[in-house]
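Q: What follows is the residue order along each chain.
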Amino acid sequence: MVSREAAFLYNNLVLVGIAFSVLWGTLFPIISEAVRGNKITVGPPFFNTVNIPLGLLLLLLTGIGPLIAWRRASVANLKRQFLVPTAMAVTTGASFFAFGVHDLAALLSYTFGALVMATIVQEFSKGVSARHRMYGESRLVALPRLVARNRRRYGGYIVHAGVVVVFAAFAGLAFKREFDLTFNAGDTKVVTDAWGHRWTFLSQGISRYNVLNREVTAIALDVTRDGKPAGVITSEKRQHVDSRGAPTFEPSTEVGILGSFRQDVYVVLAGVRGGDAAEIRVTFNPLVRWVWLGGALMAIGGLVVMWPAADRQRVQAGYAAVLKPRPVGELVGA
Amino acid sequence: MLGAQAVQTFNGPMADANDVYRPVTLPAKANATASMTDLERDDLEHQLHCQCGCNLDVYTCRTTDFACSVSPAMHADVMGLVSGGHTAQEILAAFKAVYGEKVLMAPGKSGFNLVGYTMPFVALGAGAVLVNVLLRRWRSRAPLPVALVSQVDATDSELAALDAAVRRDN
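Top line first, the protein sequences correspond to chains A and B.
The numbering used here puts the first residue of the first sequence at 1, with every later residue one more than the last.
The numbering used here puts the first residue of the second sequence at 1, with every later residue one more than the last.
These are computed hints drawn from the structure, not numbers from a lab.
Don't take each hint at face value.
[What the hints assert, rightly or not] Heads up, simulated EDC-like pairs for lysine to aspartate or glutamate below, C-alpha to C-alpha not over 20 Å straight-line:
1. A/LYS176 to B/GLU40
2. A/LYS126 to B/ASP163
3. B/LYS109 to A/GLU33
Please put together the full structure from these sequences, using the hints given.
A: Here it is in structure tokens:
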């Protein structure tokens, strides 16, 4: 029962389980009302409770699957295959714990992510080494040829790498920091992010103006990180109006964003108190860009998998037969 | 009249707070001091569903959308209960008593709600059992492995070509 085929099946089962849990959570308020007669809310805490364990299980299986041999794995094979990835996973988990990551979901996410990444590197490394031995290719030449020779397998590994990056980004929420600050014009506020950097926000004051079909209330903040200028962040509240100047729709918020691969700093103008005091919410969202990076990796892996194999088409063409035409008389007389 | 301090400056066509807001109060405990830090209070407000129809929790709504007058009012109630010395569980229970269970961002883990929390795992477990049974059945039907041949009638170059072809096809 321990085989790569079985791992694939269980992997797909978990994916279906995650889809089912979303459907179930969406329908549960209706079911609950039908059964008990009272309304309930099923919000993010419910989905986090249910889907985080399933997601972690999926990530773990993503790492385990490629390490198991096709058909049936032997104990010796399992030991040999699992040794390095397991060591990497344990080391990563212990390191993150030592550096203060005590959120269980984040810790498991990085541990399993390390397992998957080590698996991928091991698989690529073995393939490249095999080509290096068999054909005498340099490793730089062997790598693209390895991928080209078996696009489905190695493209799949690239997709797995994308999944790891996305999970790492999601786990970054454990380092999210939020601050509610009140600024009068010229006020300076200092806050510290999860990485220990000191961020200073200096208010340039509130401005109000009309543009086209909206009334805008905006605030600009001069930002420094550890004393070095990081830029100016502007956040706006926009109230769209109709031709008579009456408000239409709800007011919308333009979030000011200062982004980097480490974290995005969001500044939201929540409101204005007493004419001049701006209520600001500053959020440090770690690893947001990694979500995009992971998505791009998955797309690239998908392209590699789907790219047509020219070699196979040529081999199939070799089976084509040319029929020799028979004399007309033979056909008629047959 | 709402208990919250008026901080609304953006007057969109929001639902009237008086239609949905209901005061949540409890008598303050004797010699009461604040029962939690601001951070813990914010966490608590993440568990309360704003009743303005925005589908956000009270904390997120009041700090990102000042067009809403419901979340500041609910926040003011939370502040009053915290300064009255009430614990997080007591505050959640007080809100639940006034608004019903819908005021919680996720249903409590008791009674029928446990079906909601456990069903995905039960379904996954049932699926795993089914897959296991199917795998065993398929394996028992699989043909016996072909006996290995110790010697084949082929030259080394033919075997190498075959090996290369198999690897290409793998």
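Q: If a hint holds in the structure, say so; if it does not, say that too.
A: Now for the hints, and whether the structure bears them out:
At most 20 Å may separate the alpha-carbon atoms for a hinted pair to count; A/LYS176 and B/GLU40 meet this at roughly 15 Å. Straight-line distance between C-alpha atoms of A/LYS126 and B/ASP163 comes to about 18 Å, which keeps the hinted pair within the 20 Å bound. Proposed proximity of B/LYS109 and A/GLU33 is supported: the alpha carbons are some 16 Å apart, at most 20 Å.
The structure agrees with every numbered hint stated previously.
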